[in-house]
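The lines below spell out each chain.
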Amino acid sequence: MQLVAREGIFMKNIRNFCIIAHIDHGKSTLADRLLDATGSVTDREKQAQLLDNMDLERERGITIKSHAIQMDYVYNGEKYTLNLIDTPGHVDFSYEVSRSIAACEGALLIVDAAQSIQAQTISNLYLALENDLEIIPVLNKVDLPSANVEEVTDDIVDLLGCKAEEVIPASAKTGLGIDEILSAIIERIPPPKGNPDESLQALIFDSVYNPFRGVETYFRVLNGEIRKGQHIKFMATGKSYFADEVGTLKLKQQPKDVVKTGDVGYLITGIKEAKEVKVGDTITDSKNPTVNMIEGFEDVKPMVFAGIYPVDTEDYEELRNSMEKLQLNDASLVFIPESSAALGFGFRCGFLGMLHLEIIQERLEREFDMTVITTVPNVSYHAYTNKEPDTPILVNNPSDLPDPSKLNRVEEPYIKATIITKSDFVGSVMSLCIEKRGEITNQTYLTTERVELTFDMPLAEIVFDFYDRLKTVSKGYASFDYSPIGMRQSHLVKVDVLLNGNIVDALSALLHRDNAYDIGKKICEKLRQLIPRQQFDIPIQAAIGAKIIARETVKALRKDVTAKCYGGDISRKRKLLEKQKKGKKRMRQVGNVEIPQEAFMAVLKLND
Amino acid sequence: MSGIYIHIPFCKQACHYCDFHFSTSLKKKEELVNALCTELVLRKNELDGNVETIYFGGGTPSLLSSEELQQIFETIYSNFKVSENPEITLEANPDDLSKEQIHKFTNSQINRLSIGIQSFFEEDLKLMNRAHKASEALESIKEAKQYFENISIDLIYGIPGMSHERWKKNLEIALNLDVPHLSCYALTVEPKTALKKFIEKGIVPPVDEEAAKQHYEILLSETEKAGLENYEFSNFGKPGFHSRNNTAYWEGKPYLGIGPSAHSYDGKFRSWNIANNTKYIKSIEAGELPSEKELLSKQDKYNEYIMTGLRTKKGVFLGKVESEFGKKYSEYLLKQAENLLKNNLLILENETLKISKKGKFLSDGIAADLFLVNLD
Ligand SMILES: Nc1nc2c(ncn2[C@@H]2O[C@H](COP(=O)(O)OP(=O)(O)OP(=O)(O)O)[C@@H](O)[C@H]2O)c(=O)[nH]1
Ligand code: SF4
Ligand SMILES: [Mg+2]
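Protein chains in written order, with my numbering: chain P, 223 to 830; chain G, 9 to 384.
No wet-lab data here; the hints were simulated from the structure.
Using N, Cα and C, we set each Cβ at its ideal position, and we do this for glycine too.
Don't take every hint at face value.
Stated by the list, open to error - Here are the simulated lysine-lysine pairs, DSBU-like style, with alpha carbons at most 35 Å apart: (1) Lys743/P - Lys306/G; (2) Lys797/P - Lys287/G; (3) Lys658/P - Lys827/P; (4) Lys797/P - Lys20/G; (5) Lys107/G - Lys795/P; (6) Lys777/P - Lys209/G; (7) Lys287/G - Lys777/P; (8) Lys806/P - Lys287/G; (9) Lys658/P - Lys176/G.
Unchecked claim - Computed spacing ranges between beta-carbons, pair by pair: (10) Arg808/P - Ser305/G: 16 to 24 Å; (11) Ile558/P - Lys336/G: 31 to 39 Å; (12) Asp466/P - Asn351/G: 57 to 65 Å; (13) Lys335/G - Glu536/P: 19 to 27 Å; (14) Gly805/P - Glu259/G: 49 to 57 Å; (15) Ser305/G - Ile558/P: 41 to 49 Å; (16) Pro213/G - Gly767/P: 39 to 47 Å; (17) Leu629/P - Pro213/G: 34 to 42 Å; (18) Glu539/P - Ser171/G: 58 to 66 Å; (19) Glu330/G - Glu539/P: 29 to 37 Å.
Claimed, not checked - With the Cβ distance kept under 8 Å, some of the chain G side facing chain P (calculated, not the full set): (20) Thr196; (21) Glu217; (22) Ser242; (23) Arg278.
Using the sequences and the accompanying hints, generate a full structural model.
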């Protein structure tokens, strides 16, 4: 996306930049050092990866959300405002990176000196280059004994076509190179350009729902300025509000009277309805609107679809509310209502990958207190019927697949997979990709040690346990990136699961014909382990159409009673049974079978 | 109406399946009995109304000497109001009920014996590491019957390797001896017991739940034939011989639990003493109760009523649920019961929910289904 800053002047004391890199190369830790060096945090506030402030981020040690923060810095006697955006490195969150990039003029491209250039180093670099960002290459982790300073510097020079002196050696751990980075930010990144006298034009690049204050939007002012109390308008939604509060994003929000051209800030208008705010929208003045609405962000294309249902069917509306609020903070989440015979009303949701799916589910539970059931994920297929062999029917849900008798053909999405690994692991990475129906299209030695492999592969194959297996076969020395390359014809079948003789639609899966028997059998086995024994036998069957391809039985409980129940046993036993009841309450009753939540995702964990 | 439970935390040897609190060293017995008496005095104001039942449990209360028994009784009688005809039970092991020893009990206020027979067969007793022999099992009952009318015996079924025939034989012997009360327990493999370890190591075969279930069915039919009523899941008694002490637990009556690991309930709070003899003695000697307690919420009490009610022949009376907990609870209960009634696991008659014969061996899960819980 291109930001058109029309004729304007440079805001010479502002710099807007983001930090981009492959996962774990040290972006958030480097951000810590920049915050230290600019005195933006007090000693008491300091902690490792300070900007990773979601519990989930801290627990998993990865960044999930981009995080903007403003620093003040005096350089050569002049005061500068530096707006930094730390971005995630995981491939599932590249949409976060692209939105951050839209608010910046420059990027620090971090490369781990021990790992060198990896798949997302390249993909995130391209995102930045497409937006004409000034790239400052930083060679991080030079303190590591395994750091390979000269070689990796050469790799970076090759990739960027820059000079070796432009690569800044640094350690986010020891603080080495931080001053050089700060001066490069000021010297090399162009200041934002804009016209302060024009009417307000600001881009909403992120937002979040705050239960006390309503929706908070984060914006970058391109032209004009935004004042507290100003009557403003969101151009895409057409709604007008008063700017109750504006300010800049320090560690805590800092209310200001005005946020000026080129700067980054936040806005609170008291909006409680998540639907009223759209990331990518333009904020302008309501009386004197700009004629230039910003193009906004391209809609993201979800890669994986799954149903999300409330455990308690009565919570459907609340789930919708929660998802709308979550969407504010994660514009890549898409959902439409759907219903299932087994699970009632819920939503078919699109995700950027399996980690994204997992994170959404966790955030719903933690931030919105919603316990949900997630169904078997699938990719989006095209089905063609004999009657209309040229009109694709979109299949985002196994139940959308037309009856086999009417089916002409099915196409599935393919991706180009780029894998960078060590030469030692080429063989095992190749066998994995071939097992996953991949076809090798290229093999390039980046150095004598490092190889880039490209494959055409069905997207569906990487959804299921690809990352983990790749990690295992390469002992962790493989990075992976992918991009869609269109649809190809495929042999797809719908495998249904029957519990107690009834099809449970939420357990159906679309599978490649060659895998169907094997996976059908594993699904039945897995379900037998996951479904607790109940007061009667529960037959489990997998079927393609009317044909049963696998079966298992969950044996009825024979004995479920404690022998003794006297004085002290009573509370102990009550607590035990209460726990049991809680577990049951979290399960979903289909017919008279109680199914635990994990069972609906069983297909993903067949190899555990 | 209230009861006193006294825990005697000593055993001669550890049975392989047991996870009760006890010590096999008798060194501290005297000190402990003193502490029990001190605790009784410290807590003399905790019970309202007459003491209807006194129960010596363990551990092995039959290890108490007559002097020790007398000391405890004196303390009880001088600090509490004991009713005219209390039920006073002592748990006794067969090896402590020889002709010579039984006198010490006949000379006390004890009027009911609960004898830990478990099995009349040597193989079972060995497997469980009981301290007595099969012959002692039989003799002890015969001996006890000469002095006590009110006798209960404990039997265990579902023991690995126990055939249906052997179980039937056990029952036959017990019923032929014409004891008026039986407590029969399915062998349960508790965590951290020797039995659990042996099963894991393959030294003892695992418990066969199917066999246990069939043993229970045999138990139900044999006791019925003999005129013993199954008034609680594991308890069977002739009319007039149901345990008053245990019934009080199931009816939520207050009781005072004295001794290490003993639980008490005063209608509001449930409390429990520390399960450690040395710490218990030390604390009591310092005049402090070594206990923790918790307040039972309405929901807790409802759940307990469901749990205990379903185990007993009285069942769960909807009228009581409504009057004691409110309409919200009784409606919830009926809604939860729907499926179970449909599947014949529960029966609804005279406004009372009861476990069906089919449901009996599954009653924990059934009770849990009727529980009210909040997800946290
Ligand atoms: N030795 C050393 N370790 C570093 C350095 N920088 C970061 N690390 C460590 O590398 C790991 C990853 O650091 P992060 O800052 O979380 O990496 P990130 O790039 O933000 O990761 P994502 O946001 O998940 O993509 C952490 O264990 C850091 O402590 C460095 O300069 N030297
Ligand atoms: S005698 Fe009773 S309390 Fe003692 S170990 Fe055996 S079963 Fe447990
Ligand atoms: Mg990070």
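Broken hints, by number: 1, 5, 7, 8, 9, 14 and 17
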